[in-house]
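Protein chains: 4
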Amino acid sequence: MSDDRRLEDGAAVLSPQIVADELPDVHLEAPGIALALQDAGISDIRYPIVVRLREAKPQQTVATASLGVEVPADVRAVHMSRFVEILNDWQSRIGVDTLPELLADVARRLASNRASARFDFPLFLERRSPASGGRSLLEYRCSLEGELHPEGVRCTTITRVPTTSLCPCSREISDYGAHNQRSSIEVCATAAVDAAHALDFPDLIGIAEAAASAPVYPLLKRMDELHVTMQAYENAAFVEDVARLVAATLQRDARVSAGRVRVVNEESVHAHNAYATISWPV
Amino acid sequence: MSDDRRLEDGAAVLSPQIVADELPDVHLEAPGIALALQDAGISDIRYPIVVRLREAKPQQTVATASLGVEVPADVRAVHMSRFVEILNDWQSRIGVDTLPELLADVARRLASNRASARFDFPLFLERRSPASGGRSLLEYRCSLEGELHPEGVRCTTITRVPTTSLCPCSREISDYGAHNQRSSIEVCATAAVDAAHALDFPDLIGIAEAAASAPVYPLLKRMDELHVTMQAYENAAFVEDVARLVAATLQRDARVSAGRVRVVNEESVHAHNAYATISWPV
Amino acid sequence: MSDDRRLEDGAAVLSPQIVADELPDVHLEAPGIALALQDAGISDIRYPIVVRLREAKPQQTVATASLGVEVPADVRAVHMSRFVEILNDWQSRIGVDTLPELLADVARRLASNRASARFDFPLFLERRSPASGGRSLLEYRCSLEGELHPEGVRCTTITRVPTTSLCPCSREISDYGAHNQRSSIEVCATAAVDAAHALDFPDLIGIAEAAASAPVYPLLKRMDELHVTMQAYENAAFVEDVARLVAATLQRDARVSAGRVRVVNEESVHAHNAYATISWPV
Amino acid sequence: MSDDRRLEDGAAVLSPQIVADELPDVHLEAPGIALALQDAGISDIRYPIVVRLREAKPQQTVATASLGVEVPADVRAVHMSRFVEILNDWQSRIGVDTLPELLADVARRLASNRASARFDFPLFLERRSPASGGRSLLEYRCSLEGELHPEGVRCTTITRVPTTSLCPCSREISDYGAHNQRSSIEVCATAAVDAAHALDFPDLIGIAEAAASAPVYPLLKRMDELHVTMQAYENAAFVEDVARLVAATLQRDARVSAGRVRVVNEESVHAHNAYATISWPV
Chain G
184 MSDDRRLEDG AAVLSPQIVA DELPDVHLEA PGIALALQDA GISDIRYPIV
234 VRLREAKPQQ TVATASLGVE VPADVRAVHM SRFVEILNDW QSRIGVDTLP
284 ELLADVARRL ASNRASARFD FPLFLERRSP ASGGRSLLEY RCSLEGELHP
334 EGVRCTTITR VPTTSLCPCS REISDYGAHN QRSSIEVCAT AAVDAAHALD
384 FPDLIGIAEA AASAPVYPLL KRMDELHVTM QAYENAAFVE DVARLVAATL
434 QRDARVSAGR VRVVNEESVH AHNAYATISW PV
Chain X
184 MSDDRRLEDG AAVLSPQIVA DELPDVHLEA PGIALALQDA GISDIRYPIV
234 VRLREAKPQQ TVATASLGVE VPADVRAVHM SRFVEILNDW QSRIGVDTLP
284 ELLADVARRL ASNRASARFD FPLFLERRSP ASGGRSLLEY RCSLEGELHP
334 EGVRCTTITR VPTTSLCPCS REISDYGAHN QRSSIEVCAT AAVDAAHALD
384 FPDLIGIAEA AASAPVYPLL KRMDELHVTM QAYENAAFVE DVARLVAATL
434 QRDARVSAGR VRVVNEESVH AHNAYATISW PV
Chain Z
184 MSDDRRLEDG AAVLSPQIVA DELPDVHLEA PGIALALQDA GISDIRYPIV
234 VRLREAKPQQ TVATASLGVE VPADVRAVHM SRFVEILNDW QSRIGVDTLP
284 ELLADVARRL ASNRASARFD FPLFLERRSP ASGGRSLLEY RCSLEGELHP
334 EGVRCTTITR VPTTSLCPCS REISDYGAHN QRSSIEVCAT AAVDAAHALD
384 FPDLIGIAEA AASAPVYPLL KRMDELHVTM QAYENAAFVE DVARLVAATL
434 QRDARVSAGR VRVVNEESVH AHNAYATISW PV
Chain D
184 MSDDRRLEDG AAVLSPQIVA DELPDVHLEA PGIALALQDA GISDIRYPIV
234 VRLREAKPQQ TVATASLGVE VPADVRAVHM SRFVEILNDW QSRIGVDTLP
284 ELLADVARRL ASNRASARFD FPLFLERRSP ASGGRSLLEY RCSLEGELHP
334 EGVRCTTITR VPTTSLCPCS REISDYGAHN QRSSIEVCAT AAVDAAHALD
384 FPDLIGIAEA AASAPVYPLL KRMDELHVTM QAYENAAFVE DVARLVAATL
434 QRDARVSAGR VRVVNEESVH AHNAYATISW PV
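Protein chains in written order, with the numbering used here: chain G, 184 to 465; chain X, 184 to 465; chain Z, 184 to 465; chain D, 184 to 465.
These aren't lab readings, by the way, just hints derived from the structure by calculation. Yeah, the Cβ is synthetic: ideal placement off N, Cα and C, and Gly gets one too. Careful: at least some of the hints might be erroneous.
[Said to hold, decoys possible] Here chain D is said to cover these stretches of chain G; the calculated rule only asks that three of the stretch's residues, wherever they fall, bring their Cβ under 8 angstroms from a Cβ of chain D:
{"hint": "1", "segment": "316 to 326"}
{"hint": "2", "segment": "378 to 391"}
[To be verified] Cut-off 25 angstroms, straight-line C-alpha distance, at most; resulting in silico cross-link-like pairs (DMTMM-like, lysine to aspartate or glutamate):
{"hint": "3", "chain 1": "X", "residue 1": "K240", "chain 2": "X", "residue 2": "E309"}
{"hint": "4", "chain 1": "D", "residue 1": "K240", "chain 2": "G", "residue 2": "E268"}
{"hint": "5", "chain 1": "Z", "residue 1": "K240", "chain 2": "X", "residue 2": "D272"}
{"hint": "6", "chain 1": "Z", "residue 1": "K240", "chain 2": "Z", "residue 2": "E284"}
{"hint": "7", "chain 1": "X", "residue 1": "K240", "chain 2": "Z", "residue 2": "E392"}
{"hint": "8", "chain 1": "D", "residue 1": "K240", "chain 2": "D", "residue 2": "E212"}
{"hint": "9", "chain 1": "G", "residue 1": "K240", "chain 2": "G", "residue 2": "E212"}
{"hint": "10", "chain 1": "X", "residue 1": "K240", "chain 2": "X", "residue 2": "E328"}
{"hint": "11", "chain 1": "Z", "residue 1": "K240", "chain 2": "Z", "residue 2": "E334"}
{"hint": "12", "chain 1": "G", "residue 1": "K240", "chain 2": "D", "residue 2": "E268"}
{"hint": "13", "chain 1": "X", "residue 1": "K240", "chain 2": "X", "residue 2": "D208"}
{"hint": "14", "chain 1": "D", "residue 1": "K240", "chain 2": "G", "residue 2": "E212"}
{"hint": "15", "chain 1": "Z", "residue 1": "K240", "chain 2": "Z", "residue 2": "E355"}
{"hint": "16", "chain 1": "Z", "residue 1": "K240", "chain 2": "X", "residue 2": "E268"}
{"hint": "17", "chain 1": "X", "residue 1": "K240", "chain 2": "X", "residue 2": "D377"}
{"hint": "18", "chain 1": "Z", "residue 1": "K240", "chain 2": "Z", "residue 2": "E449"}
{"hint": "19", "chain 1": "X", "residue 1": "K240", "chain 2": "X", "residue 2": "D280"}
{"hint": "20", "chain 1": "G", "residue 1": "K240", "chain 2": "G", "residue 2": "D303"}
{"hint": "21", "chain 1": "X", "residue 1": "K240", "chain 2": "Z", "residue 2": "D272"}
{"hint": "22", "chain 1": "G", "residue 1": "K240", "chain 2": "G", "residue 2": "E309"}
{"hint": "23", "chain 1": "D", "residue 1": "K240", "chain 2": "D", "residue 2": "D303"}
{"hint": "24", "chain 1": "D", "residue 1": "K240", "chain 2": "D", "residue 2": "E328"}
{"hint": "25", "chain 1": "D", "residue 1": "K240", "chain 2": "D", "residue 2": "E334"}
{"hint": "26", "chain 1": "G", "residue 1": "K240", "chain 2": "D", "residue 2": "D272"}
[Unchecked claim] Listed next, with one range per pair, are the computed distances between beta-carbon atoms:
{"hint": "27", "chain 1": "Z", "residue 1": "A379", "chain 2": "G", "residue 2": "G335", "range": "27 to 35 angstroms"}
{"hint": "28", "chain 1": "D", "residue 1": "R435", "chain 2": "Z", "residue 2": "W463", "range": "34 to 42 angstroms"}
{"hint": "29", "chain 1": "Z", "residue 1": "R438", "chain 2": "X", "residue 2": "Y359", "range": "53 to 61 angstroms"}
{"hint": "30", "chain 1": "Z", "residue 1": "Q243", "chain 2": "D", "residue 2": "G316", "range": "52 to 60 angstroms"}
{"hint": "31", "chain 1": "X", "residue 1": "R292", "chain 2": "D", "residue 2": "A287", "range": "50 to 58 angstroms"}
{"hint": "32", "chain 1": "Z", "residue 1": "A217", "chain 2": "G", "residue 2": "D358", "range": "30 to 38 angstroms"}
{"hint": "33", "chain 1": "D", "residue 1": "E284", "chain 2": "G", "residue 2": "G389", "range": "34 to 42 angstroms"}
{"hint": "34", "chain 1": "Z", "residue 1": "Y359", "chain 2": "G", "residue 2": "R276", "range": "39 to 47 angstroms"}
{"hint": "35", "chain 1": "Z", "residue 1": "Y359", "chain 2": "X", "residue 2": "E334", "range": "19 to 27 angstroms"}
{"hint": "36", "chain 1": "Z", "residue 1": "D257", "chain 2": "X", "residue 2": "E309", "range": "50 to 58 angstroms"}
Take the sequences, apply the hints, and build the full model.
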């Protein structure tokens with residue numbers, strides 16, 4: 184070990200350029216197997232981010248992120264630290280409208296033709312209790328996915344909306360009551376043409392909540408509980424019914440080129456779930 | 184590197200004793216800080232096990248296990264590989280009745296006065312649908328915990344029982360319907376005196392299921408669905424009601440020296456849960 | 184409520200046929216929106232299963248399962264309870280060779296042209312410690328996925344193999360040591376032509392383990408630890424290297440029509456992961 | 184159903200007081216079983232919060248929260264919606280210094296003598312890369328726990344610190360290399376006397392990081408990787424060594440009345456973990 188590398192408690196910060204120049208870089212070697220990899224990078228990195236929304240103020244939240252690039256057949260490995268630098272640079276402006284620029288930056292700084300990015304994060308929207316009018320915040324687990332190809336950018340927005348579903352069969356056959364449960368509506372929408380056409384997260388959330396037997400709320404006083412109990416009973420729906428309603432709404436939207444809806448009922452009479460999935464184009 | 188250690192594809196299996204004798208063992212050194220550790224060992228090891236039940240035939244399942252011992256102030260580290268050997272030896276006979284012997288084996292083979300063991304595993308019991316009589320298997324997530332002390336063995340059996348709960352408030356205030364949901368009843372019972380007094384898993388499961396608004400079943404035909412829908416409606420219960428009923432039953436049982444009940448409702452009108460907890464002795 | 188439906192403690196089990204005949208069936212109604220759903224069914228059901236392997240004896244384990252069918256545009260909802268009956272009937276013979284028959288049974292009993300099945304389960308294989316020869320069981324998280332289409336059956340086998348990876352860059356630039364970590368190799372292989380050509384789980388596991396810096400073992404005595412420490416050091420590999428090696432092996436196999444390899448390093452010098460992904464055909 | 188309760192799209196928001204007065208309140212009934220419950224409330228509610236730190240600026244993050252109160256033997260159930268109102272009121276000022284006031288508010292608004300609160304949230308601190316000096320943010324999973332009793336407030340701060348550990352045994356017996364891995368150091372400290380003596384999260388993080396073989400960093404350029412690789416090799420430590428070092432530091436701190444340290448190594452040569460635990464007073 185050369186002296187200048189010896190570790191010391193009060194290690195002086197060396198010039199990165201000087202040290203980098205003297206260190207070998209095995210990433211640039213030719214790989215043993217000349218095969219291109221679609222995607223390599225970092226994943227499961229947790230970072231605070233600010234999500235930019237189109238029609239609401241920016242929201243500070245915490246993301247689990249993934250960033251990657253294509254690895255050509257003649258490059259052994261990518262420089263993973265650059266993804267962390269990019270994430271650090273971009274953390275205050277993540278959103279459907281900035282995604283193309285972010286992807287272009289990834290591709291440029293990693294010298295690649297293809298780049299990918301994914302951010303999973305909780306988004307909170309204010310909900311007003313249906314009868315009392317009380318205000319509280321409800322979490323929607325969202326994902327923003329992007330891919331830069333030579334042909335353009337593919338941008339997909341995803342939300343998972345917690346709702347209530349009430350079983351039409353149980354209501355019909357029972358003399359009183361009807362089983363109901365939490366139901367998660369996952370909606371994925373890929374933007375037509377480019378990211379400028381992407382549906383923003385609140386758009387997706389509104390479509391999903393409108394299709395459920397009833398929305399859920401963090402804050403329900405007794406008068407609100409009365410409201411949602413009867414609302415759900417009046418709007419009994421199977422997972423299939425909800426999936427169709429959400430899909431039909433999205434399929435009419437010219438901004439969506441590809442979509443996927445998955446509704447999962449956490450059945451209150453079972454320990455397992457019921458699901459319905461539809462995706463398009465087929 | 185001596186030649187006999189060089190790695191080869193078809194490496195001959197050497198005599199463990201010979202090699203072990205020539206390798207230094209830093210575990211036996213004096214630690215830098217002379218502090219005893221209550222518990223050190225292996226955790227999160229997945230292993231197939233056979234669970235021995237008192238009144239049903241043995242059940243093959245898969246456990247996440249943890250085994251440990253006390254580390255005295257003058258020992259640096261434990262030999263972790265021995266726990267894997269013990270787990271491998273005992274995998275076919277895990278249960279409340281074999282736990283004291285297993286713990287004694289851990290203590291003996293690790294030369295310690297105190298030993299701990301924990302097994303988390305799914306147990307499946309046959310359930311008969313309430314109206315159709317159809318048969319299916321329901322999962323109960325169980326845990327077996329044991330500690331060997333100089334004074335004896337502390338054995339705790341734990342189950343988490345999926346059930347349905349129906350809200351008495353929602354039923355009372357609504358003109359029709361009532362929100363209901365999955366409710367998990369966690370029951371922990373520590374055996375009085377010794378493990379021979381431990382309640383076995385099916386005992387705990389029966390107590391919990393009887394306290395719910397209704398049990399859940401994997402298999403429900405329409406006639407069964409009618410049955411459980413109305414059963415839940417007739418047996419509306421808050422998390423507090425269910426926790427009290429389970430606790431009262433266990434507190435009357437002389438075999439239980441310490442207990443804990445936690446009921447968690449996965450509220451269908453919220454994305455969050457409601458819970459009630461009681462433990463004793465206080 | 185008619186008297187014969189009143190709930191009693193000792194409720195007689197009624198004839199399913201009689202009761203079913205008198206209960207309305209809202210599943211069969213025309214849906215409000217005439218849209219076909221690719222897949223609807225049950226998910227996250229936990230069940231004990233026996234996995235049939237081609238070249239090893241059947242293995243009792245626990246699965247998280249999902250079964251579904253296509254829902255035509257003129258059917259409102261599927262009868263979910265039938266999936267539970269099918270799972271119960273098939274639990275003792277799950278495997279690549281029985282999958283086509285299972286899917287045909289799902290399609291027949293749900294009167295559908297398309298069916299899907301997925302089983303996620305731990306598989307345990309005996310591992311012999313490299314120097315001491317000790318025996319222990321290592322868990323491999325496996326998945327069996329199948330889809331029945333009018334054109335045939337698509338069968339995919341998936342395993343996630345825990346291994347060690349050692350960083351070539353760290354080894355090259357450091358005077359001593361090299362960071363290494365757990366690395367998970369996920370391998371998915373879709374069978375060409377039909378399920379008879381599917382690679383069985385042990386095949387996939389062998390291919391993945393051979394590509395790592397070193398395998399992991401539950402049981403390592405000191406002489407084994409010496410072996411794997413040096414084996415990993417000698418076989419330094421980036422995630423990209425490992426992904427290419429596994430993919431190259433699978434791409435040469437005529438039994439595989441489509442594949443996907445994803446290697447994830449749980450980097451010991453970071454709290455985040457590095458990954459490399461390759462899938463084909465492109 | 185009375186007309187004024189009928190659900191409409193544009194439902195007018197009624198006066199909560201008027202409606203609440205006319206709705207029966209079954210929570211206030213006498214319970215069927217006169218047993219006190221230590222704790223009942225809401226859990227797993229996700230909410231954006233601002234964490235107040237003593238020596239750093241407030242930090243916006245996302246919490247999973249739990250709030251509860253004691254339920255006396257003569258009260259059937261608590262009013263769960265009040266916890267949501269309290270959480271909403273307090274979201275912008277969560278921290279060790281505000282916890283006693285928050286708990287007093289919970290007790291007052293729920294009319295109880297005992298209250299509990301728990302917040303689990305990610306905290307991000309800037310880390311400077313050891314050689315290049317690059318800046319990035321590292322996540323620390325923290326928890327703030329409080330209990331209000333008639334005798335006072337018990338406040339516990341908890342962090343889980345991701346670090347690197349390198350095995351002293353592997354280093355000693357191997358001719359080259361040494362296995363190393365992610366190691367999580369969980370530190371829990373209960374404040375002596377009252378919450379004013381609580382250690383804040385950054386204090387706990389500093390103590391844990393100093394005890395590891397090496398810290399982890401999000402951003403490591405090659406010169407940094409060289410640094411941490413050799414730092415870990417020079418500071419080889421068993422889980423037992425790390426647990427003792429952290430515990431010894433905390434046990435000397437008069438502000439800590441009770442503590443617990445748990446170190447978990449995600450062993451790179453195994454698929455299971457090694458752990459060491461120490462808690463005091465015994």
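Open item on the list: Check the hint pairing D:K240 with G:E212 against an upper bound of 25 angstroms on the C-alpha distance.
Closed with: violated (45 angstroms)
Open item on the list: Need the status of pair X:K240, X:D208: alpha-carbon distance at most 25 angstroms?
Closed with: violated (44 angstroms)
Open item on the list: What's the verdict on X:K240 and X:D377, does the C-alpha distance respect the 25 angstroms limit or exceed it?
Closed with: Distance of about 23 angstroms is within 25 angstroms: holds.
Open item on the list: Need the status of pair Z:K240, X:D272: alpha-carbon distance at most 25 angstroms?
Closed with: holds (21 angstroms)
Task: Outcome for the supplied range 34 to 42 angstroms, where the beta carbon pair is D:R435 and Z:W463 - done: At 59 angstroms between Cβs, range violated.
Open item on the list: Just to be careful, I want the Cα atoms of D:K240 and G:E268 compared with a cutoff of 25 angstroms; is the pair within it?
Closed with: Holds, at about 23 angstroms.
- [ ] Given the hint that X:K240 pairs with X:E328, test it: the Cα-Cα distance must not exceed 25 angstroms.
- [x] holds (21 angstroms)
Open item on the list: Between the alpha carbons of D:K240 and D:E212, is the straight-line distance 25 angstroms or under?
Closed with: Roughly 47 angstroms between the alpha carbons, so the hint for D:K240 and D:E212 is violated.
TODO: Look at the Cβ atoms of Z:D257 and X:E309 and judge whether their distance stays inside 50 to 58 angstroms.
DONE: Violated: the Cβ-Cβ distance is about 37 angstroms, outside 50 to 58 angstroms.
Open item on the list: For Z:K240 and Z:E284, compute the direct alpha-carbon distance and say whether it is at most 25 angstroms.
Closed with: Roughly 20 angstroms between the alpha carbons, so the hint for Z:K240 and Z:E284 holds.
- [ ] Sort out whether Z:E355 lies within 25 angstroms of Z:K240, counting only the CA atoms.
- [x] Judged against 25 angstroms, a Cα distance of about 45 angstroms means the pair is violated.
Task: Supplied distance hint 27 to 35 angstroms, evaluated on CB atoms of Z:A379 and G:G335 - done: Roughly 41 angstroms apart at Cβ, these two residues miss the hinted range, so it is violated.
In this structure, the hints that do not hold are numbers 2, 7, 8, 9, 11, 13, 14, 15, 18, 25, 27, 28, 35, 36, in rising order.
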